[in-house]
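A.B. asks: Residues per chain, in single letters:
There are 2 protein chains.
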Amino acid sequence: MTQSQPCKDLAAARAKTTFPVIELTRYVHGSDEKIAKRRHLASLVANDPVLKNEGRLGLSRVEDVKQGLEMSLRLYQLKEEHNLTQEEFLMCSDFVDELLPTTLHETAFIPIIHAQGTDEQAAYWGPLAEKHQIIGCYAQTELGHGSNLSQLETTATLNRDTDQWIIHSTTFTASKWWIGGLGAVATHALIQARIIIDGKDYGAHGFIVPIRSLVDHRPFPGVTLGDIGPKSYGGFSKIDNGFARFDRYAIPRENMLMRFAKVTRDGQYVKPPHSKLAYGSMVLLRSHMVRGAAMALARATTIATRYATVRRQFHVPTSRKDAVNPALETQVINYPMVQSRLFPMIAQVYALFAAGTKMRSMYESMLSELMAGDVRSLAEVHAISSGLKSTCSTIAATGIEDCRKLMGGHGYSYFSGISRIWSTYVPSNTYEGDNFLLTQQSARYLLKQVKVAATAPENLTSFSKYIVRTIDQDAFQAERCSVQQASDWLDADVQLAAFEHRAGRLVGELALAAMQEDVLWSDLNLECWRLCHAHSQYVLAKSAVEGVSNAKTQDYSQESVMVLKRLSDLFALHTIQASLGDYLEDFFLSPKQCQLLRQQIKTLQGSLADDAVSLVDAFDFSDHYLNSALGSADGDAYQHLWDAAQKEAINQTAVVDGYKEFIVPILNQHGPAKL
Amino acid sequence: MTQSQPCKDLAAARAKTTFPVIELTRYVHGSDEKIAKRRHLASLVANDPVLKNEGRLGLSRVEDVKQGLEMSLRLYQLKEEHNLTQEEFLMCSDFVDELLPTTLHETAFIPIIHAQGTDEQAAYWGPLAEKHQIIGCYAQTELGHGSNLSQLETTATLNRDTDQWIIHSTTFTASKWWIGGLGAVATHALIQARIIIDGKDYGAHGFIVPIRSLVDHRPFPGVTLGDIGPKSYGGFSKIDNGFARFDRYAIPRENMLMRFAKVTRDGQYVKPPHSKLAYGSMVLLRSHMVRGAAMALARATTIATRYATVRRQFHVPTSRKDAVNPALETQVINYPMVQSRLFPMIAQVYALFAAGTKMRSMYESMLSELMAGDVRSLAEVHAISSGLKSTCSTIAATGIEDCRKLMGGHGYSYFSGISRIWSTYVPSNTYEGDNFLLTQQSARYLLKQVKVAATAPENLTSFSKYIVRTIDQDAFQAERCSVQQASDWLDADVQLAAFEHRAGRLVGELALAAMQEDVLWSDLNLECWRLCHAHSQYVLAKSAVEGVSNAKTQDYSQESVMVLKRLSDLFALHTIQASLGDYLEDFFLSPKQCQLLRQQIKTLQGSLADDAVSLVDAFDFSDHYLNSALGSADGDAYQHLWDAAQKEAINQTAVVDGYKEFIVPILNQHGPAKL
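In order, the protein sequence lines correspond to chains B and P.
Going by the numbering used here, the first sequence runs without a break in its numbering and finishes at 1466.
Going by the numbering used here, the second sequence runs without a break in its numbering and finishes at 1466.
Keep in mind that the hints were calculated from the coordinates and are not lab data.
Don't take every hint at face value.
A pair holds if it fits inside one copy or across any two, identical chains being indistinguishable in the list.
[Claimed, not checked] Calculated lysine to any residue pairs in the SDA-like style (CA-CA distance at most 25 Å, straight line):
#1 Lys1465 to Pro1043
#2 Lys1451 to Gln924
#3 Lys1393 to Leu1301
#4 Lys1393 to Ala1304
#5 Lys1383 to Gln1268
#6 Lys1383 to Glu1308
#7 Lys1343 to Asp1265
#8 Lys807 to Pro1043
#9 Lys1356 to Asp1282
#10 Lys1438 to Leu850
Bound conformation, chain B alone:
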């Protein structure tokens, strides 16, 4: 059989690759062992009759949740059949690529029992949960309250006589809301409620609350449960996000998780020894989200890059050398406009992966310091992870949808595969700290570093050392970018100096504004937002630069180092270009340097053209996981689109359901046609 033109085009693109693809796969996923394990588990899922991609679409909401349950069960069976470790099991769940009714049981309920329960509690509840003899969910958010713990309205009032907590939704808006797994499935909820003892309020704490009978699955009296309804954009379709209202519902005192704070039999509240330890898990979660952003955007760029390679539109020359082939239109990926939209996103993915790796190692060294009682790095790691969560998840959500738009009309087909990535990814801009609110955390930290810079500059870390330059304001304001010709922009020090200068100026301005009399913090939110993103972009650029150095140290081939360097450069320059005003405003950049910047970006984009397909191949996604007619590894986009449509439920009958009831009456409303 002759190969189709799209398949030929993709193969031809791969043939031009300048670097060993496996090296960049290692850069992204780690050792060869890890890569092999990923591939093995991905294929387990892809070949499983329940977990493969077919039959997931076009279901009613009730059927969707039912199918989610079927997948949950199948995953547990797979775990047993293949004797998977918990880590392997979670990787398989990732490859299924659906939030399932049991997802939060595994990723929140179980870990929080271990983190916040005493050893005895963990020994009791842990195995029950790990053998999913009970199914849990994590219930913090309320109808009237996002994740602002301090304003939760659910109460747990101690009844000393019965040694019980009385869980109560004090108002209508106190209803727990949005809780994954609560709507129809969970038997237990780990709820956050404010402790009230003798009328005194001790704030929110965690409790394990049995909510549905293990006998018949019905809610217990005093507990009202339900599903909150569909989510936006078709996202989260197989999971039962739910609500719960409690009407003076009693649970044993021992169901409070007591690793930190405790309440004794005689009703005494014992404060936790450290107050900041809880930050650790927040930092971990946000660090994970940096890598999560990279993975999500990596999938979208894989699809968009492959499709842009096989898609041909218009007979327009894109190179002075090549004659136009009159029989074939131009490959879309050859248009500079497409390159200028797509390639910076590929560069972003690599920068995000680098930052994810960096974040992980910062977290790990912080953790070992914490174990030794040293809390000094906590503030910075918390600030950076908050800032990166905001910046990276914004980059990814925007980028995924930009990938779809880049794919023209077919991008809007569900079969493009982008829709399911974006619709499930985009709420990450809101959860775990709203991306706008979070920027205040990072800005507050940087403001404090201004004081450190003035008083004890030796305490500044590598990510905030630049702030010391702002102390001598005359010298700082005289700083200028050193670029004289386009290629000077390829100097990593030049790039980082630009990011540092900009963030330094913004932190200085914020410090000045914050000192003004009568100023309210809320008046400065916009300034915090600007500063936070400026600093996070700096962290990203610096991580990308470090990634290149590490690749050198780890004996990557020269070709791989070179392509990583190009990506790091493109990330930095494209990011600077996107906020050019910030660099021009205090004359740090000259108009001439802006022109050189644009020129160098075009050159970089051109230099990545031959490697684009292999750069996304290196992310190593299976066709199953991509689940995209347009982005499959063989490139046969139109054939896959056609095939996918043929399986559509509507096409299984010769005449559409509703013909007699509705089409016939429409055609005949004014009598039949006389043709």
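Once you've looked at the hints, dock chain P against the given chain B.
C.D. replies: Same frame as chain B, but now just chain P:
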């Protein structure tokens, strides 16, 4: 019954309004008669048992399309019962707010028959279609080809012997694809196919092709039909976008639409008398899309503004005057950060409405000139409508999703109402000319105006007169913004001068680049894109300024004029701020002026705070049309969210479907719990 706090909050916000709301409703929708008619038709739909909002959700794909058909039929019945004109009928269809299987029959098939058919053809096909005794669709796009007419692969080959066209899908990628109504419903397709006569190719023309039997609705032999499957983000869910392949399928020669080109009985191809007349309908469509962008973003800002008014988060002071109420958290809309995200979008809506009105009047005067044989304004109106289509639909798509993000976690509930607006709106960034490609049309036109400026400046129109200033490059480069204090930014001439200078600089740079030897047009696409948006933003700003003047002339109250002026100012200044680099790069703006700009924007935002709710109330959307739990007119957001969830299908049974098959085995995989 006591009013809930959210209801009180929204009522209190309305009580602060400074202007007569009905005047801005007139500004948006026209005369009081038009407003009354809109309200009447909206209530017809809202109160109809089939067309009301209930029961639309959570259906399977087959059920969705079936319900679409039910709605189609009901709309036709409504037309007859209430003796609606076609215009009123189309307005009712808009209020139903679903693309239905018959939508394109009404908005494309019928109008194109009249536009491209001869009088005889219109007299034959018109009534059949208008009485929907046949149901049509418009089939242009192909699997391998977007709307690039010049590359379509479907052919219509003349068979002189039988006096027939042989319609044929010459390749796999020639399949018609994406065609609304084709998947399951249409009996006729108006297809675009290339005429081949005696082996000679005359390019694409329109044909009426019977595709499904009027007897049993089955496809005719030689025609393969089907549905292309679901679309992204849950959009277009009730319409059957479809595909068609033709295998040497014969239709009568007379089924070619022959108002312009003709083919005679003896096989002679007769060219159309004018080649540019077809542009007219494209311009009209794009003009409509400017208003469409305004309407879509207006709905989203209505929802977001109302919800931000009733939503309270954190006890944070936002005003130096007010004491914080310890019992009530702060209304989200009072945060400057929220104002800086939301209010510019409201200002954009008003600017888009102004541009829509302007576009409509430009189109109408162009049309009467065309009738008189004068084609001079065609090029400009085409360029401006292309540019505005790109800029405005980008603004709206981005803004709608920004509104959702502004609403925190609940924004991601389907019941926020944003999802359905965005998922159906966002493909407009791709169809009717991809927003990136379109910018070339506008840029090409402006490039030509540079020549006009040099040779016959008296021919420049009011939207391109500024280009004449670029001819004297020394004087142009010496231009500087005149702002000395923040309030100077409120001078409309100052604002427009800034937009003009920026667009002027970009068109000058593009002209220079285009003159370089060996340059390819495709190398300049990015420059075209920048220029097009710069020019379109200028057109928007100028239209908004004109809108304020018109309001004055039309005896609006001083208060309404004042608030329109603030909106126009905010639109202009926010838009300048978003591309500050462009204004700084050639020193047109100074750093000090940038600071004053930010300061003036903050002041403007503050000055709109008391009017925000009434500014969106003025759009005059019914609760039915908004279809949002969080944005309803009474403000009772949490109650509506609760109520909507209770109706959810999953909540209609005590135990979820799938309990026995899946939950029980999960719970018992390792034996039952021993609690």
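A.B. asks: Determine for every hint whether it applies to the structure shown.
C.D. replies: Structure-based check of each hint:
1. In this assembly of identical chains, Lys1465 and Pro1043 lie within 25 Å of each other by CA distance solely across copies; the values are 17 Å between and 78 Å within a copy.
2. Proximity of Lys1451 and Gln924 under a CA criterion of 25 Å is satisfied inter-copy only: 15 Å between copies versus 50 Å inside one chain copy.
3. Proximity of Lys1393 and Leu1301 under a CA criterion of 25 Å is satisfied inter-copy only: 16 Å between copies versus 34 Å inside one chain copy.
4. With identical chains, the CA atoms of Lys1393 and Ala1304 are at most 25 Å apart between copies only, with a shortest distance of 14 Å across copies and 38 Å within one.
5. Proximity of Lys1383 to Gln1268 under the C-alpha cut-off of 25 Å is found in both arrangements, the shortest distances being 19 Å within a copy and 14 Å between copies.
6. Taking CA atoms no more than 25 Å apart as the test, Lys1383 paired with Glu1308 passes between copies only; the shortest distance there is 22 Å, against 40 Å inside one copy.
7. Taking the closest pair of Cα atoms, Lys1343 and Asp1265 never come within 25 Å of each other, the shortest separation being 38 Å inside a single copy and 50 Å across copies.
8. Within a single copy, Lys807 and Pro1043 get their C-alpha atoms no closer than 67 Å, and across copies no closer than 51 Å, so neither meets the 25 Å cut-off.
9. For a Cα distance limit of 25 Å, the shortest separation of Lys1356 from Asp1282 inside one copy, 10 Å, qualifies, whereas the shortest one across copies, 48 Å, does not.
10. When the C-alpha separation of Lys1438 and Leu850 is checked against a cutoff of 25 Å, the pair qualifies both within a copy, at 14 Å, and between copies, at 18 Å.
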